[in-house]
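Asker: Sequence:
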Amino acid sequence: MAKENTSADQLISVIINGIEDVKGKEINILDLRDIENTVCDYFIICEGTSNTQVNAIVNSVQKKVSKELKDNPWHTEGLDNAEWVLIDYVNVVVHVFQKHIREYYDIESLWGDAKTTVIETSY
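With this note's numbering applied, the sequence shown corresponds to residues 1401 to 1523, in that order.
Treat the hints as calculated values from the structure; they're not laboratory data. Treat the hints with care, since some could be wrong.
[Unchecked claim] Below, computed lysine to any residue pairings styled on SDA-like, alpha-carbon distance capped at 20 Å:
id : residue 1 : residue 2
1  : LYS1425   : LEU1486
2  : LYS1470   : LYS1423
3  : LYS1467   : ASN1491
4  : LYS1499   : LYS1470
5  : LYS1499   : GLU1436
6  : LYS1463   : TRP1474
7  : LYS1467   : ASN1455
8  : LYS1463   : ALA1408
9  : LYS1499   : ASN1459
10 : LYS1467   : THR1521
11 : LYS1467   : ASP1488
12 : LYS1423   : THR1521
13 : LYS1499   : GLU1477
14 : LYS1499   : THR1517
15 : LYS1425   : LYS1463
[Unchecked claim] Quick list of simulated restraints, FRET-style, between CB atoms:
id : residue 1 : residue 2 : range
16 : THR1449   : SER1509   : 27 to 33 Å
17 : THR1449   : ASP1513   : 26 to 32 Å
18 : ASN1459   : GLU1436   : 15 to 21 Å
19 : TYR1504   : LEU1479   : 17 to 23 Å
20 : THR1449   : GLU1508   : 27 to 33 Å
21 : ASN1417   : TRP1474   : 16 to 22 Å
22 : LEU1479   : LYS1499   : 15 to 21 Å
23 : VAL1439   : ASN1417   : 29 to 35 Å
24 : LYS1515   : ASP1480   : 30 to 36 Å
25 : THR1449   : ASN1417   : 18 to 24 Å
26 : VAL1518   : ASN1472   : 24 to 30 Å
Glycine is no exception: its CB is placed at the ideal position from the N, C-alpha and C atoms.
Build out the structure end to end from the sequences listed, making use of the hints.
Answerer: So this is what it looks like as C-alpha cells:
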C-alpha cells in the first residue's frame, strides 16, 4: 500500500519514467481531484504495441517504484492477457492498454471533466 510520506508528485514522476524506459506511447495524466466521488486522485494512461510491451511497461513501472520509493501496488489486474493492465497505487492508478482496447473503452472521454496533461515523448 502507498506510504503516506510518498507524495503523489514523486510517485507520478517515477511511474512516468518507468513507462518511458520501455517506450510506452500516448502517456496522459488525468487529475481527478476536483471531481466528486472519484476512486483516486490521478489516472496515468498509456499504451503499448503488444502484450509483450504492455507487460514490459507494467514490470518497468513496478520495479522503478519499488526501487526508488520502496512502494508496491495495492492491487494489479489484467496481467493474464495484457490488453488492459491496471496498477493501483491507491491515490494513483496506472492503466496500460493495447491501442485497440484503449480506443474501445476510451476512458479519457469517460473522465472528460478531469484536467489532462499529455506527456510528450521523444521516441
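Asker: Taking the hints in turn, state whether each one holds.
Answerer: Tested hints:
no., hint, verdict
1, LYS1425 <-> LEU1486, "holds, 16 Å"
2, LYS1470 <-> LYS1423, "violated, 23 Å"
3, LYS1467 <-> ASN1491, "holds, 19 Å"
4, LYS1499 <-> LYS1470, "violated, 31 Å"
5, LYS1499 <-> GLU1436, "violated, 29 Å"
6, LYS1463 <-> TRP1474, "holds, 14 Å"
7, LYS1467 <-> ASN1455, "holds, 18 Å"
8, LYS1463 <-> ALA1408, "holds, 17 Å"
9, LYS1499 <-> ASN1459, "holds, 18 Å"
10, LYS1467 <-> THR1521, "violated, 23 Å"
11, LYS1467 <-> ASP1488, "holds, 17 Å"
12, LYS1423 <-> THR1521, "holds, 8 Å"
13, LYS1499 <-> GLU1477, "holds, 18 Å"
14, LYS1499 <-> THR1517, "holds, 19 Å"
15, LYS1425 <-> LYS1463, "holds, 19 Å"
16, THR1449 <-> SER1509: 27 to 33 Å, "violated, 22 Å"
17, THR1449 <-> ASP1513: 26 to 32 Å, "holds, 30 Å"
18, ASN1459 <-> GLU1436: 15 to 21 Å, "violated, 34 Å"
19, TYR1504 <-> LEU1479: 17 to 23 Å, "holds, 19 Å"
20, THR1449 <-> GLU1508: 27 to 33 Å, "violated, 19 Å"
21, ASN1417 <-> TRP1474: 16 to 22 Å, "holds, 20 Å"
22, LEU1479 <-> LYS1499: 15 to 21 Å, "holds, 18 Å"
23, VAL1439 <-> ASN1417: 29 to 35 Å, "violated, 24 Å"
24, LYS1515 <-> ASP1480: 30 to 36 Å, "holds, 33 Å"
25, THR1449 <-> ASN1417: 18 to 24 Å, "holds, 19 Å"
26, VAL1518 <-> ASN1472: 24 to 30 Å, "holds, 28 Å"
The earlier numbered hints that this structure contradicts are 2, 4, 5, 10, 16, 18, 20, 23.
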